[in-house]
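Given the structure of chain A, go ahead and fit chains X and W onto it with the hints provided.
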Amino acid sequence: MAADFKTAQPVEYYRKFLEKDVRPDGRELGEIRPTMINIGSISTAEGSALVKLGNTTVLCGVKAEVTNPKSEEPDKGIIVPNVDLPALCSPRFRPGPPSEQAQVVSQFMVEVIQNSGCIDPKDLCIKAGKHVWVLYCDLVCLDYDGNVTDACVLALMAALKNVSLPKVTLNEESGNLETHMQEKWGLNILCQPVATTFAIFDDCIVFADPTDEEENLATGKVTIVTTEEDKICFVHKPGGSPLSDDKLQNCLQRSFIRAREARNLVETTLVNVDR
Amino acid sequence: MPAHRSTMGSKFRTRSSSPMELRPMLSEVSVLSRSDGSASFSQGDCCALAAVYGPGEVKVAKELSDKASVEVVFKMKVGLPGCKEKIQERILRNTCETAIAATLYPRTAIDIVIQEMHNSGSFLATCINCVCMAMLDACVDMKYLVAAVTCGLNSEGELILDPTLEQESDLTALMIFAYESSNFEVIATYTTGSFTSDQFQICLIHCREASKHIFQFFRDTMARKLSK
Amino acid sequence: MAGLELLSDQGFRIDGRRPHELRRIQCRMGVFGQAEGSAYVEQGNTKVLAAVYGPHEIRGSRGKMQPDKVLINCQYSMATFSTGERKRRPRGDRKSQEMTKHLQQTFEAAVLTHLYPRSQIDIFVEVLQSDGGNYCASVNAATLAIIDAGIPMKDYVCACSASYIEDNPVVDINYLEESSGSAELIMAMLPKSEQIVLLQMNSRLHEDNLSKVMDMATQGCKDVHSILDTAVREHLTSSIALQDSSVT
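Residue numbers (full-length UniProt numbering), protein chains in the order written: chain A, 1 to 275; chain X, 1 to 228; chain W, 1 to 248.
Warning: the hint list may mix true and false statements.
[Claimed, not checked] Quick look at which bits of chain X chain A covers, simulated, 3 or more residues with Cβ under 8 Å:
| id | segment |
| --- | --- |
| 1 | 96-104 |
| 2 | 182-194 |
| 3 | 197-205 |
[Unchecked claim] Interface residues of chain W toward chain A, partial, derived using beta-carbon atoms under 7 Å:
| id | residue |
| --- | --- |
| 4 | F32 |
| 5 | Q34 |
| 6 | A79 |
Don't read these hints as lab results, they were simulated from the structure. Just so you know, even glycine gets a beta-carbon here, dropped at the ideal spot from N, CA and C.
Bound-form chain A, shown alone (with noise of 0.2 Å):
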């Protein structure tokens, strides 16, 4: 019975539970999915990770190459992120081009790297003007269950974590580059920014980490990324239903909070990870 009526209105289904303050599956407003990571999984990447939030799953893989520098850019290397949505996430998505939702989410995930400046491409420079390490970070979503901008921060910035990069010198006579695949070193990290992600639904009720039914039925989404010290590096509302003041003040303290609980387990799960 409960499913024909969530078939044939679905908004008024939603509409019953959320008088009571909670959602279908049990969680209250401000509540996020089970969270789970697992660092260091595939041998031929450099760094990865995979994360799952609730059901929704991204895998990061970051594979590193050494390239020319941009010529106005001598001195910097190069962070290219991708974000691809295969058709086998999700029944949504189609095989062919990357879909609109897949250029949307590269494109948020250049920006945050960007804007919160969590690793300094001066340390990505092996000899100015000549060599660079380029980072390709490539996000594979798995399963698509909503929220995956959220996932992909976190897989992006745990599979960083876990990069190690052989040192590569150059030899001046000559010219070649060497590599002492024995001497390791990590990236330094920075800062680490953490999204969050609320959906609003009827103009006025907000809710943190949507699944892929409810993300259907908002009329409004909002993504805060936040790094250490409680400063937010993006805020990124669509359009959508408009937001006022207080709301958006609460969703940025959700946030915060967020942000910390994600950084602890990313830290404890790489105590146990060897490098």
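Coordinates of chains X and W only, in the frame set by chain A:
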């Protein structure tokens, strides 16, 4: 239809004066003859041109049975569209979907095309304002008007409203807010750089005040057009 | 490759296996919420995910609809970080398209296609880490995913690779053994009836050795079958136990 021009020249001075003032705005509506509505909007040197086609026929795949389907295409001056343009299209599309009373036009499509004419800082805000004017010109029913304001924070923590391209390069943070005209609540935001929660609140309040001037400008432009 | 002994004097391979030993296979079914059927298979260091959607209405070109059979649509894709060097094109390059076609032909032979006319079944395979035997792991994972989705098949489809290194037939080769240049034979079969669904061999192999290598591969497929069968039965008993406990 002849184009109608409106300026707010006398009230707002040029850049060299206080950083809390908006750049002079210029707008022309009905500049294109074939579209249902069009507008060109410029803030200082920054200029954009928008055209609205609709409500019109929709492709079966995109048809929504209870609302109009809104589609936005963003065209840059040079180069092919990339991921950056997609995020701007997404913001514009969602903003228009909320502003338009879409349930009045089920099974139709409203297509919006924006052409970048000149980018001189805070370009996304100019686009949002331009689209709102074009929709007014096309007489599409809207729930409220949308106005966007940009503000930046420089390294000393000072607020600069509506920065130009040169000023943008020394800023630590840049924020674009879009407000609606009935309750002045935030519809869309887009930020670059990092800032604290208090700075965010202060910018919100100042930009809200500035948006009221933009709403007044919209009204004056349309009043001029209709009085002729 | 100089200095790399694929088969030592004592009969051990690079990773310490004997010639007739398969790599360690770990599998899990029902890993995704969104797909109707899904499975994850690890064969040594090769990690593969498969997801099955369907049967559902034909999407895309109506022209491909068949009035008496179901249309099987496959997609094989490798993650960019799955190989030693970053893979620029995860799908759409020649190798992936060849793999896609092989998978499609394999499953068209195994699935009872006449039960779902005018419909489509999607099989998506994603390789997360590649260490040789990609096709075999993909077929095994897709078999488990189809079983998880409840789509009827004639029999399990098990795949295994075999090769002939230094006068010894070896089974289940990894990436180093594949790239050494010796003959590589890939076989997919229905184990109960011992019918071969797909057989592919590259490089050169003397006619006399062919039957030895094929026997090796057949035995490998049967071993894979017993592992997959155990996994399916375990998955079923645990999910029935959950259902029973929730009903009472």
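Of all the hints numbered above, which does this structure not satisfy? Sort the numbers upward. none
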